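K.L.:
The chain contents come next:
Protein chains: 2
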Amino acid sequence: MIFKSLQANILRDKNMKSFPNTSLRQLAQRITQALGSPEQHAREVADHLVDANLAGHDSHGIVRLPQYARHVADGDIDPIADPLVVRDDGPFVLMEARRSWGQVAARAAVEIAAQRARGDGFACVGLAHAPHIGRVGVYPLRLAEQGLIAQAWCNCSGAARVAPWGGTTGKLATNPIALAFPSRGEPILMDITTSVVAEGKVRIAKNAGKSVPDGWLLDKLGQPTTHPADLYEGGTILPLGGTAFGHKGFALALMADLLAGVLIGSGCGLMPGTRNANGMLLIVIDPDRWGQREEWATRLDEYVNYIRNTPTRPGVDEILLPGEPERRTTQDRIANGIPVDDGTWEQIAELADRLGVDVTDDVTR
Amino acid sequence: MIFKSLQANILRDKNMKSFPNTSLRQLAQRITQALGSPEQHAREVADHLVDANLAGHDSHGIVRLPQYARHVADGDIDPIADPLVVRDDGPFVLMEARRSWGQVAARAAVEIAAQRARGDGFACVGLAHAPHIGRVGVYPLRLAEQGLIAQAWCNCSGAARVAPWGGTTGKLATNPIALAFPSRGEPILMDITTSVVAEGKVRIAKNAGKSVPDGWLLDKLGQPTTHPADLYEGGTILPLGGTAFGHKGFALALMADLLAGVLIGSGCGLMPGTRNANGMLLIVIDPDRWGQREEWATRLDEYVNYIRNTPTRPGVDEILLPGEPERRTTQDRIANGIPVDDGTWEQIAELADRLGVDVTDDVTR
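Taken in sequence, the protein lines are chains A and B. Per the working numbering, residue 24 is the first one in the first sequence, and the count goes up by one each step. Per the working numbering, residue 24 is the first one in the second sequence, and the count goes up by one each step.
Bound conformation, chain A alone (with noise of 0.2 Å):
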């Protein structure tokens, strides 16, 4: 396999290897052009993948082309297809993906959000029946990036990890929110599943043959499991509060799929007629409605001070606030690659192959 000898510097496990993350955006992106995509959708989910790994949120990075890749065959996503507004009402706008490439559409619809929020104050904008769009935390973060505070609320359907709260069987995904609030600087992010952890941490801890931590998974009997097999056998993920306080998660997740799922007519989990999807509403505010951004601005940068200014655990050098330790994770992997776990890229270099797409060309670059 010709790869291993084009591993990169950085070996951090020894079913590891890191590539620089230009040679993975280009590989992704030619793998979603060999599916079909015109160049600027494939450059939208391949920078989305790889800019997640960067986070590293690698459960929604480049491991996901080869399920993106079955999705394509099984016409799931239309790799051509852009979405389409559908229902236009001011600030309430509905948009139907069509099968356009979730990461396409997702974006479409934070375009189309900004542009609302900006003459209104105010943009409400949902999107149904989207494949997978990633990770969700930066739809919003490209709003506060235009200095709007911003909320998704993510569901699926085609999909149900997580039990309601005393059930043994999945009825919810790991349905997730994000919010995001503009400040002089980078903006601060929320971006947290309503589980215990999202599907793809356990599918990469399965992917590696390892164990998961107590406290993530129920088998499908409802008894605690530590096996992430399990999940995939009729197991479930615990709601974010675990075993005591899991009431909570399942509710976080119970809104996100009344305001994802039932509000804009997107679908919930295993309902009858629904198809794998992602729906998602943006809820979109213009703070400066709220007075002169000067002065917010200020508030906020006080707040930041007095929540860093806090005495830390042993073992924690400093108080990172929500969105941080995702921007030092891409700091630090821009400059020393991202790591791949053996598995994955096997199944990625396997696609490329069979796709014809060169990968020694893109991880040499």
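Check the hints yourself; a few may be wrong.
Claimed, not checked - To give a feel for the contact side, a few chain A residues facing chain B, derived at Cβ under 7 Å:
id: 1; residue: G189
id: 2; residue: L202
id: 3; residue: P247
id: 4; residue: M278
id: 5; residue: C291
id: 6; residue: A320
id: 7; residue: R322
Everything labelled a hint here was simulated from the structure, so no lab data went into it. This structure is a prediction, so every number in the text was calculated from the model and none was measured. Ideal placement from N, C-alpha and C gives every residue a C-beta, glycine not left out.
Start from chain A and add chain B according to the hints.
P.N.:
Structure of chain B alone, referenced to chain A:
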């Protein structure tokens, strides 16, 4: 002590008495009037507190009366004051509580939010510097009862029981988030603190002389503890997610600070210049702007059936939606009375006595 002979018929615990909710309602109203409130304000406060007890949220019920009396004595609550709209820009409204009762100010914010959301399809109403607003969930609930989707982001200044993730000293409050979604029947209500538990639950345990479960608290050195008193001696409450995933609860709490404190200028935690107050941001959306009510309400009914129809774990009779446990408790306590522990009751009786309010009059009606 005369009230001992008047205890209601349900005795759940040797340290508990139960009272009809109507009796406690009148007692609370008379105490609040004796603190200087006009009848309408007093009824608003009393109904809020006793409704919280009915719902099972005793930490936000009549246990608060002695604390409120201290706030009146200290001048933090002006019992005759009304809130004031200080910014009015279509769907964007900012109110200052001006030391009016928190419940009175929050009710006013709800009313203006409902009015604006019906017109614009959207409202974003901030309430700054409010005395304790009580159980936050009731505010979005009132909006959902009028057919609106409502979020309430709430924060506190003057209190800081939660440490930034990785820190040892309290900087954030237990900042609750509530979201209500209307339906053909009762609204679905999520009402959660962003900490593992609300501070009031620790206070209840302390008053009752009980320990708290592991995973609720850290002591002032950042070590886990089960002694509720440790919280009041420099300890902190863990954010939602606990010792392993508390970064998620920290992010939620911080976002509540940004929306309900920084954005609207209400202050956060123990920052310089803050005083004891709640901030609240209501974000309200008219779901009918998304399509015919029949359409989404039908989808909601189908979704609720889908969630309810889940096999349960041993010991769990049925799946309850968020907000349902509180409605069940309300029905039970309307029928069987509200249990009040002796410690709380003695404080209230002492307060009533000091104010010249005759306890026997109320609890026998």
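K.L.:
All the hints need checking, so say for each whether the structure fits it.
P.N.:
Hints and how they fare:
Checking G189/A against chain B by beta carbon gives a least distance of about 4 Å; that is within 7 Å, so the hint holds. At about 5 Å, the closest approach between the beta carbon of L202/A and any beta carbon in chain B falls short of 7 Å, and the interface hint on this residue holds. Nearest Cβ of chain B to the Cβ of P247/A: about 12 Å, over the 7 Å cut. The hint is violated. For M278/A, the shortest C-beta to C-beta distance to chain B is roughly 5 Å, which falls under 7 Å, so the interface hint holds.
Interface restraint check: C291/A against chain B, minimum CB-CB distance 6 Å, threshold 7 Å, status holds. A hinted interface residue such as A320/A counts as satisfied when its beta carbon comes closer than 7 Å to some beta carbon of chain B; here the least separation is about 9 Å, so the hint is violated. Here the hint on R322/A is kept, as its CB sits about 5 Å from the closest CB of chain B, short of 7 Å.
The earlier numbered hints that this structure contradicts are 3, 6.
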